[in-house]
Amino acid sequence: MNEQEPIDALDLMLREQDAYIDDHGFTRRVLTALPRRRRPALRSVILPGAIVVGCALAAWWFPTSEILAVARLDFSSITGASLSALAAALAAIGSLVWGALALVNSEC
Amino acid sequence: MSFTDADLIARVLLAEDQNAFGELVRRYQSPLRAFLTRMTRGDSHLADDLAQETFIRAWKHLTSFRGGARFSSWLFGIAVNEFRSAARRRKDLLLEDLDSVPSEAGPSSDNQPTQARLDLNEALLRLTAGERAAIVLCCQNGLSHDEARLVLGCPLGTVKTNVLRGKEKLRCWLTK
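Chains as they are written, first to last, in the numbering used here: chain A, 1 to 108; chain B, 1 to 176.
Isolated chain B (complex conformation):
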């Protein structure tokens, strides 16, 4: 029998059921760690540390989860905050803020790849942090633009622009 997220959350809140929380961790560890690995530009150790902190924070503050949003969106929101905190400590992580909109410059400007063709992994790393976050959340994890807006704490237009520009750059780099 498989429990829904809401069932598991209720068991955690009512009975402090660590096994129920463990099931939630098992369900979401992969997308969360993958997201954070992308955001940390491939530093899987740091990503795992941030993912662990994300789940611990979720455990501490589970009472504040209102159930209006998906549990996964709520977790991604905590993960983004953990990433921002880490980025404040380590300047190499974040070259620009997640909610910034890149200038009009397209894929043929400064951060143009040197080789003719990149693989997707490499191309994703070349996007700005905001574009990468929006692409990974919306295109890889299936969040709507509105959910991504809540997770990233930025205007809807910024998310849409980052997804569009990010995809445009990826297409250009991958098909060149």
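Here chain A stands alone, though its shape is the one from the complex:
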């Protein structure tokens, strides 16, 4: 039992030494520095929703025939309207990528 004595005494010393640290305004400083809490539920709906809408718009407006015409170097079939549709489709794809990256960042 004597073997145990120094261990018990040490435990006691360690516990006694763990004195309470007064707050001294620490809690107030923490509360002042708190950012607004994110609303994960809302974000988790908005971002995937935006991605789905972006995908739908891109699929609907994507000027497949004009892209194929460009690929075939058949410039006669490309019109101003189809170029603006192409620009809109590229913007939709960009938004889609942006939304996906934002979603990944929000979950990190």
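Be careful, since some hints might not be right.
Unchecked claim - No farther apart than 20 Å at their CA atoms in a straight line, the calculated lysine to any residue pairs in the SDA-like style are these:
1) B:Lys-60 / A:Pro-35
2) B:Lys-60 / A:Arg-28
3) B:Lys-60 / A:Val-45
4) B:Lys-60 / A:Val-104
5) B:Lys-60 / A:Arg-29
6) B:Lys-160 / A:Asp-11
7) B:Lys-160 / A:Leu-14
8) B:Lys-60 / A:Arg-36
9) B:Lys-60 / A:Ala-33
10) B:Lys-60 / A:Thr-32
11) B:Lys-60 / A:Leu-31
12) B:Lys-60 / A:Leu-34
13) B:Lys-60 / A:Ala-102
14) B:Lys-160 / A:Leu-12
15) B:Lys-160 / A:Asp-8
16) B:Lys-60 / A:Thr-27
17) B:Lys-160 / A:Arg-15
18) B:Lys-60 / B:Asp-49
19) B:Lys-60 / A:Phe-26
If you are wondering where the hints come from, they were derived from the structure by calculation, not from laboratory data. Nothing here was measured: the structure is a model prediction, and the numbers come from that model.
Please build the complex by placing chain B on the supplied structure of chain A, with the hints as guidance.
Relative to the frame of chain A, chain B by itself:
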């Protein structure tokens, strides 16, 4: 009327109640700041900065607290991560990783105190970071070895070894 940690956490999550979070901070600021002061070798300003960052991180990520562990253990886990980040920026803080097991060398080797007898405070500072963390968590804050394992992110055997070796060194230094 005193609320449990779970009550306060629910109020924070449901109503963004800063007063409820303030009560949690008041409850745990002392053990957390004391732990971080030990880990930063007595730098109370740095310890307070790390403690503040710990609570802010806890506020941001409170939804990820599952309630399976004690709230205090979860907070200590965040504090350990904050300390590790600070140690990566300031090499003087961490001479060895928290989850390392010191070599077999006992208290009579390299880091032997020069004076015959040390006070406990000084003796704790002479332990390795891993031993100090394990001793402060388990012996001063009442965490089980298993809780300390989760907080420190290291194997159970490492925690047990660090507690045993740390205590052995302390006993030797304090009774010499």
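### Message
Just to be careful, I want the Cα atoms of Lys-60 (chain B) and Phe-26 (chain A) compared with a cutoff of 20 Å; is the pair within it?
### Response
holds (18 Å)
### Query
Is Lys-160 (chain B) within 20 Å of Asp-8 (chain A), Cα to Cα?
Within the cut-off at roughly 17 Å; holds.
### Message
Against the 20 Å threshold, does the CA-CA distance of Lys-60 (chain B) and Arg-36 (chain A) hold or violate the hint?
### Response
The given pair, whose Cα atoms are some 8 Å apart, holds under the 20 Å limit.
### Query
Straight-line Cα separation of Lys-60 (chain B) and Leu-34 (chain A) no greater than 20 Å?
It holds: about 8 Å lies between the C-alpha atoms, which stays within 20 Å.
### Message
Next pair to validate is Lys-60 (chain B) with Leu-31 (chain A); report whether the Cα-Cα distance is within 20 Å.
### Response
Roughly 12 Å separates the two Cα atoms, so the pair holds.
### Satisfaction of hint between Asp-49 (chain B) and Lys-60 (chain B), Cα-Cα up to 20 Å
holds (17 Å)
### Query
Under the criterion that the straight-line Cα-Cα distance not exceed 20 Å, is the pair Lys-60 (chain B), Ala-102 (chain A) satisfied?
holds (18 Å)
### Task
For the pair supplied as a hint, Lys-60 (chain B) and Thr-32 (chain A), confirm whether the alpha-carbon distance does not exceed 20 Å.
holds (14 Å)
### Query
Between Lys-160 (chain B) and Leu-12 (chain A), is the straight-line Cα distance small enough, at 20 Å or below?
holds (19 Å)
### Query
Are Lys-60 (chain B) and Thr-27 (chain A) close enough, with their CA atoms no more than 20 Å apart?
Holds, at about 16 Å.
### Query
Hey, Lys-60 (chain B) versus Ala-33 (chain A), does the alpha-carbon distance stay inside 20 Å?
holds (12 Å)
#### Entry: Straight-line alpha-carbon gap Lys-160 (chain B) to Leu-14 (chain A), limit 20 Å
Holds - the C-alpha atoms of Leu-14 (chain A) and Lys-160 (chain B) are around 17 Å apart, at most 20 Å.
Going down the numbered hints, you'll see the structure goes against none, and every one checks out.
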